[in-house]
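Trainee: Chain residues, written in single-letter form:
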Amino acid sequence: MTEIFEGLRAAFWLVIALDPELIDIALRSLQVTLSALVIACVIAIPFGTYLAISRFRRRRLVIAVVNAMMGLPPVVVGLIVYLLLSRSGPFGVLGLLFTPTAMVIAQVIIITPLIASITHQAMRELWAEYHDLLISMHTSKWQRVKTLMWDGRRNLLTAALAGFGRAIGEVGAIMIVGGNIDNVTRVLTTAIALETGKGDFALALALGFVLIALALLVNFAIHWLSRTEREGLW
Amino acid sequence: MIKTLTVIASLAASTTFAAADDLKLAVTTSFENAGLADVLLPQIKADLDLDVQLLVVGTGQAIRLGEAGDVDAILVHSRKAEEAFLAAGYGTHRREIMYNDFVVIGPKADPAGIADDGSVIEAMQDIAEAKPAFVSRGDDSGTHKAELAVWASAGLDAAGFGDWYNAVGAGMGAALNTAAGMDAYILSDRASWLKFGNKAGLALLYSSDPALFNQYAFLPVNPAKHPHVKNDLVLQLEDWLVSDTAKDLINGYTIGGETLFVFNANAE
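Protein chains in written order, with the working numbering: chain S, 163 to 396; chain Z, 756 to 1023.
There's no promise every hint is true.
As the list claims (entries may be wrong) - Restricting the straight-line Cα-Cα distance to at most 20 Å, the calculated cross-link-like pairs of lysine to aspartate or glutamate (DMTMM-like) are:
| # | chain 1 | residue 1 | chain 2 | residue 2 |
| --- | --- | --- | --- | --- |
| 1 | Z | Lys-954 | S | Asp-344 |
| 2 | Z | Lys-800 | S | Asp-344 |
| 3 | Z | Lys-835 | Z | Glu-884 |
| 4 | Z | Lys-1002 | Z | Asp-856 |
| 5 | Z | Lys-835 | Z | Asp-938 |
| 6 | Z | Lys-954 | S | Glu-357 |
| 7 | Z | Lys-1002 | Z | Glu-851 |
| 8 | Z | Lys-900 | Z | Glu-851 |
| 9 | Z | Lys-954 | S | Asp-362 |
| 10 | Z | Lys-1002 | Z | Glu-877 |
| 11 | Z | Lys-985 | Z | Asp-856 |
| 12 | Z | Lys-800 | S | Glu-357 |
| 13 | Z | Lys-800 | Z | Asp-999 |
| 14 | S | Lys-303 | S | Glu-287 |
| 15 | Z | Lys-886 | Z | Asp-999 |
| 16 | Z | Lys-954 | Z | Glu-1013 |
| 17 | Z | Lys-954 | S | Asp-313 |
| 18 | S | Lys-303 | S | Asp-313 |
Stated by the list, open to error - Covered stretches of chain S, as calculated for chain Z (at least 3 residues, CB under 8 Å):
| # | segment |
| --- | --- |
| 19 | 294-306 |
| 20 | 320-331 |
| 21 | 355-364 |
Quick caveat, the hints were computed from the structure, so don't treat them as lab data.
By construction, the Cβ of each residue, glycine as well, lies at the ideal position given by its N, Cα and C atoms.
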C-alpha cells in the first residue's frame, strides 16, 4: 500500500519539476499513439460504415473476421511486424525496425479492427433509420457513407477513443518492434516495464499515473473540441 | 490510402534524419541494469560524436538480432553462443572487454546453508539437496546459461529438478522480483543485484568463486552478410571501448562503494 502513495508522490514531483526526460517520453507516447489513431481511423471508419450499408457475398465472414481481430494479442502482432520489418524479413530494406514508425505500424494493426468493429455496430443501427430516406433519394454509395459518418460522428468519437485507449496503454507489441531505446523509442508503457524490472516500483507507478493523467487529458480535450457531452448541444 | 502512405513516409523520414551518426548495439539486461551505460554513453557521444542506441535484451535475443542484421554490433556474455555466432559467419571477430561476476542470492535465513560453503559447486549441491524455492531466468540469456553451467559443474541437471525449481522466462529484474516474492534462491549478476530496488527478505549469500566470473565480449556484425551495417562506426566504437578512457571509466565505476566491472581488453 505504501508503495502506491510513494508512487503518487513521485508522480507529483515528476510533473511539478517538468522532468525533461518524462516530457520527452510522454510526448513520444502521444506522438506514436495519435499517429496510429489517425491512420487507423482513416482506414477503419469508412470501412466499418461501408460494411454496415452494403450487402455482398461473404459479408458475414468479413464482419466475423473483423470482430475476431479485435482480440488480436498485441505480442503476436508485435512479433509478426518485427519479423516483417527485420533486416532479414521482406521489408527489411526500409530499415524501419526499432523506429517510432514501426511502433505506429504495430498499433495501427492492433486498433484498426477495434475501431472498424465499433463503427460497424453503431452504423448498422443508424442505417436502419436512414435506409429508406437515402435509398429514395437515389444517393450514391459514397454519399450514403458520408452522410452516415457525419450524422453518426458522436458514435465514431467513441470508437476513436476506444482505439486511443487501447493504443496508449499497449506495451507488448511496441516493446518488440520499438526495442525500448532510450531517447528514440522509449514511451511511457515501455518505461514502466523497464522500471518494474529494476524493482523501482515508485518510479514505475509514477509513470503509470502520468499515463493515466495523459489519457484523461486527451479524452477531455477531444470532448471539448468536439463540443460533446454538453447541455443543449445534442 | 494515399494520405496514409504520406503519413507513414513522413514519419519514416522524420526518424531517419533525426540524428547524424548513430548505431544500434544489442546489450544484455545485466549490462544495462548495472548502470554502466549511463557513464559510458555520454563519454562516447563527447569523444566520437556517436549516438549508441542500446537494445536491452537477453543474450539469446541479442544474438538473434545480430544474425538478422537488425543491430550493428552486440555486447554479450556467453562464450559458447558467441563462438557459434562467429563460426556461422555472422560476426567478424570477438573482442573481450571486461568482466563482472555472478552472485548467489537467497532468503536471509539461508535454509540451504550455503553462506559458508567453500565453492560454488558445494553451494549448488546444498541447494539441490535442501530443495528450497529457486528461481531461474529460464530465458536463454547469458545469465541463464551461466546458471545451467554452474549446475552442470556441480554434477546436476536442472531439467530433472522438481517443483522447487521455477524457470520464470523473464529478465534479471523481473526474475529478482519473483524471487523476492517467493523468498527464493536465485543466481544474479552482481550489478543487477546491487541496483535492484525491491530486495525484500533476500540477501547476497555466496560470491567470489572464480567459476562465477562473467566475461563480456564485443562482436561486430559481419558486413559481408549484412551490407547495411555501419561497420566503420562499429570499429570506432570498439577502439574506444578498449581505450584508456574506457578502462578508467569501467574500473572506476562503483555502486555503494563496490567495484562492479574489471576491464581486461587487450590493447593490441
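Trainee: For every hint, state whether the structure bears it out.
Mentor: Hint by hint, here is what the structure shows:
1. Z:Lys-954 - S:Asp-344: Roughly 26 Å separates the two Cα atoms, so the pair is violated.
2. Z:Lys-800 - S:Asp-344: holds, 14 Å
3. Z:Lys-835 - Z:Glu-884: violated, 29 Å
4. Z:Lys-1002 - Z:Asp-856: At roughly 17 Å apart (the allowed maximum being 20 Å), Z:Asp-856 and Z:Lys-1002 satisfy the hint.
5. Z:Lys-835 - Z:Asp-938: The hint is violated at about 32 Å.
6. Z:Lys-954 - S:Glu-357: With a Cα-Cα distance of about 14 Å, the restraint between Z:Lys-954 and S:Glu-357 holds, given a limit of 20 Å.
7. Z:Lys-1002 - Z:Glu-851: Roughly 13 Å separates the two Cα atoms, so the pair holds.
8. Z:Lys-900 - Z:Glu-851: holds, 18 Å
9. Z:Lys-954 - S:Asp-362: Cα-Cα ~10 Å, so holds.
10. Z:Lys-1002 - Z:Glu-877: With Cα atoms ~34 Å apart, Z:Lys-1002 and Z:Glu-877 exceed 20 Å; violated.
11. Z:Lys-985 - Z:Asp-856: Between Z:Lys-985 and Z:Asp-856 the Cα gap is close to 31 Å, so the pair fails against 20 Å, i.e. violated.
12. Z:Lys-800 - S:Glu-357: violated, 24 Å
13. Z:Lys-800 - Z:Asp-999: OK: Z:Lys-800 and Z:Asp-999 at ~16 Å, within 20 Å.
14. S:Lys-303 - S:Glu-287: The given pair, whose Cα atoms are some 17 Å apart, holds under the 20 Å limit.
15. Z:Lys-886 - Z:Asp-999: Violated. Z:Lys-886 to Z:Asp-999 sits at ~46 Å, over the 20 Å cutoff.
16. Z:Lys-954 - Z:Glu-1013: holds, 17 Å
17. Z:Lys-954 - S:Asp-313: Judged against 20 Å, a Cα distance of about 57 Å means the pair is violated.
18. S:Lys-303 - S:Asp-313: Given that 20 Å is the threshold and the Cα spacing comes to 16 Å, the pair holds.
19. 294-306: Per the Cβ count (0), the hint is violated.
20. 320-331: violated (count 0)
21. 355-364: It holds: at least three residues are needed, and the segment 355-364 of chain S offers 7 whose Cβ sits within less than 8 Å of chain Z.
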